[in-house]
Amino acid sequence: MKILVGIKRVIDYNVRIRVKSDASGVETDGVKMSINPFDEIALEEALRIREAGLAEEVIVVSLGGNECQQQLRTGLAMGADRAIQVDTAEDLQPLTIARTFLKVIEKEQPGLVLLGKQAIDGDNSQTAQMLAALWDRPQATFVSQMNMSGESVTVVREVDAGLETIEVDLPAVISVDLRLNEPRFVKLPDIMKAKRKPLEVIALDELGVAPENNLEVSKYSPPPVRAKGILVEDTAQLVTELKTRGLV
Amino acid sequence: MSKTLIIAEHDGSNLNPSTAKCASCAAAIGQDFDILVMGSSVNAIAEQAAAIDGAAGVTVVDAENLANPLAVNHAAEVVALAESYSHILGPSTTYGRDLMPRIAALLGVNQVSDISTVEGSHHFTRPIYAGNAIVDVHAPENVTVVATVRVASWKAAGNSGSAAIETRSASAPASANTRYVGLEAGGGERPDLQSAPRVVSAGRAMASEENFEMVYELADLIGAGVGASRAAVDAGYCPNDMQVGQTGKIIAPDLYIAFGISGAIQHITGIKDAGTIVAVNKDADAPIFEVADIGLVADLFTVIPEMKQLLS
Ligand SMILES: Cc1cc2nc3c(=O)[nH]c(=O)nc-3n(C[C@H](O)[C@H](O)[C@H](O)COP(=O)(O)OP(=O)(O)OC[C@H]3O[C@@H](n4cnc5c(N)ncnc54)[C@H](O)[C@@H]3O)c2cc1C
Ligand SMILES: Nc1ncnc2c1ncn2[C@@H]1O[C@H](COP(=O)(O)O)[C@@H](O)[C@H]1O
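Chains as they are written, first to last, in our numbering: chain V, 1 to 248; chain H, 1 to 312.
Careful: at least some of the hints might be erroneous.
Unchecked claim - The calculated label-pair distances, taken between Cβ atoms and stated as ranges, are:
#, chain 1, residue 1, chain 2, residue 2, range
1, V, Phe-185, H, Leu-221, 54 to 64 Å
2, H, Glu-83, V, Ala-203, 34 to 44 Å
3, V, Gln-237, H, Glu-213, 18 to 28 Å
4, V, Thr-28, H, Ser-169, 30 to 40 Å
5, H, Ser-169, V, Lys-193, 56 to 66 Å
6, H, Glu-184, V, Lys-103, 34 to 44 Å
Calculated directly from the structure, the hints in this document are not laboratory data.
Don't be surprised by glycine CBs; every beta carbon is placed ideally from N, CA and C.
This is chain V alone, in the form it adopts within the complex:
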């Protein structure tokens, strides 16, 4: 079985985001870029499944310009067998990304597709669900535990009410949550080895996908700032303050 893992290049989660003064986007100049943290977890899970002998090959896929090869190489260094970059200069939206993944699936015939539960730049949380719908295969989102058993997989999903368990037949699309695993660290020799692993580049239009029904973003704004607060000296003062404001 092959496992396909989606890897998105995003601004590192530790970076303080700044909206550009002309409202055209957020500052990316000289900003640290990383693999979307959820995608790192998806890849770690794929590697563990392969290491348990339940899959033969792990393929990392990224849609983006040449710069996303950096994140694909990190994925290869973590242990993926090969990488595919779907080359596009456009900032694609989830429906187009899902349609593109479907084309890659038709080519590679994976038994499992692992994506992040959301990309931390757009916070859309759509791609996995859309892909499952278009592929007409089961979806399991926000997964924090996975158990593979032959033709199906039992997953635990983190939902608002607690932990939900469902069982899905393979092939399936799974979107992963933070508590699924702890991704491994990349070691220096692995980075060297990753340079020799195959990285295939396919142009988006070669796959016959055209971006459609896009949402248009007209403006980026910084979030409203909260008014400056006060400091109290002790618990008694805190409780008095809460009472005066009618909060308790």
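Starting from the known structure of chain V, arrange chain H with the ligands on it as the hints suggest.
Chain H with the ligands alone, transformed into the frame defined by chain V:
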């Protein structure tokens, strides 16, 4: 035809407050709206939906295979009704986030995630980058708008309405390749985090599951829901459904009290819309103080017992 459909959320016995919040968003869009209730034996829930102010009608699709919230089955029913609607709204809860993109893909449109304000029938604002930027989004006018409503941004609509209820039979068979096994509820009997007017929350500093007891006791004294940081959940001090933040729940209580939470951006994004934020942390430089309305630099293990005493 310009009409909005709201996907109701419920747990089999009660309508989730997110539905009345979606109704407020639908009212802001300004068209008539219907509410769709899917499930098995959901008459009582349909009546709760019919009472939501402004609802034009309630459609019930009652079938055994809809009893559990599997997106694959629910999406098929929504798509079967989609033709009559220009807008389809669901909540930004895990139910809505699982379901709505599936509907969008089946209708061939991109989804507007997490609507926080409505500027026009096809013009919305939404947060990105964990709330560190807000974008103005315009949806194309010639296709259905499929969107999730950021529930923390909207007040619940009132419940003095009386919409007509219409029942339909399910149009799609249950999926054979996705099976519901069960739900292990975490939170217990305390007020629901996403609708509680007061929330008491604690982080890694609690250091153990046992210590969390004092947080529950304080919360119970003031009738609050209980939240936590990711670090506290990861460490096993409390269940996952208590996590507040980018990957947990986005909440907007009138009062949020954070004990021993440093205030990472991923946490702050979950509480930005709270009325009053109180932070108790022994580190005066903790970033949580940048957003706190009332701050107290102190040891929580002293403060919590003192608060319990002063408030009981
Ligand atoms: C993709 C991603 C998503 C994330 N999503 C979330 C999310 O949804 N929610 C979330 O919370 N986090 C999330 N995180 C994690 C986040 O970055 C922080 O690591 C986390 O919020 C830290 O939790 P904490 O404040 O409890 O712990 P710490 O950062 O360790 O802070 C503990 C605080 O307690 C204080 N303290 C210690 N002892 C005492 C005492 N006795 N009395 C008073 N104060 C004391 C310390 O001064 C410190 O400020 C996410 C991270 C990533 C990468
Ligand atoms: N450009 C991309 N390249 C590769 N994977 C992506 C891309 N965009 C989204 N994904 C995958 O889809 C997941 C969810 O993204 P989103 O729907 O944008 O929140 C991400 O965590 C990735 O696994």
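These are the hints, each one checked on the structure:
1. Phe-185/V to Leu-221/H: 54 to 64 Å: Once the Cβ atoms are compared, 44 Å apart, the range 54 to 64 Å for Leu-221/H and Phe-185/V is violated.
2. Glu-83/H to Ala-203/V: 34 to 44 Å: About 36 Å separates the Cβ atoms of Glu-83/H and Ala-203/V, which means 34 to 44 Å holds.
3. Gln-237/V to Glu-213/H: 18 to 28 Å: For Gln-237/V and Glu-213/H the Cβ distance comes to about 25 Å; the hint holds.
4. Thr-28/V to Ser-169/H: 30 to 40 Å: violated, 52 Å
5. Ser-169/H to Lys-193/V: 56 to 66 Å: Roughly 58 Å apart at Cβ, these two residues keep to the hinted range, so it holds.
6. Glu-184/H to Lys-103/V: 34 to 44 Å: holds, 38 Å
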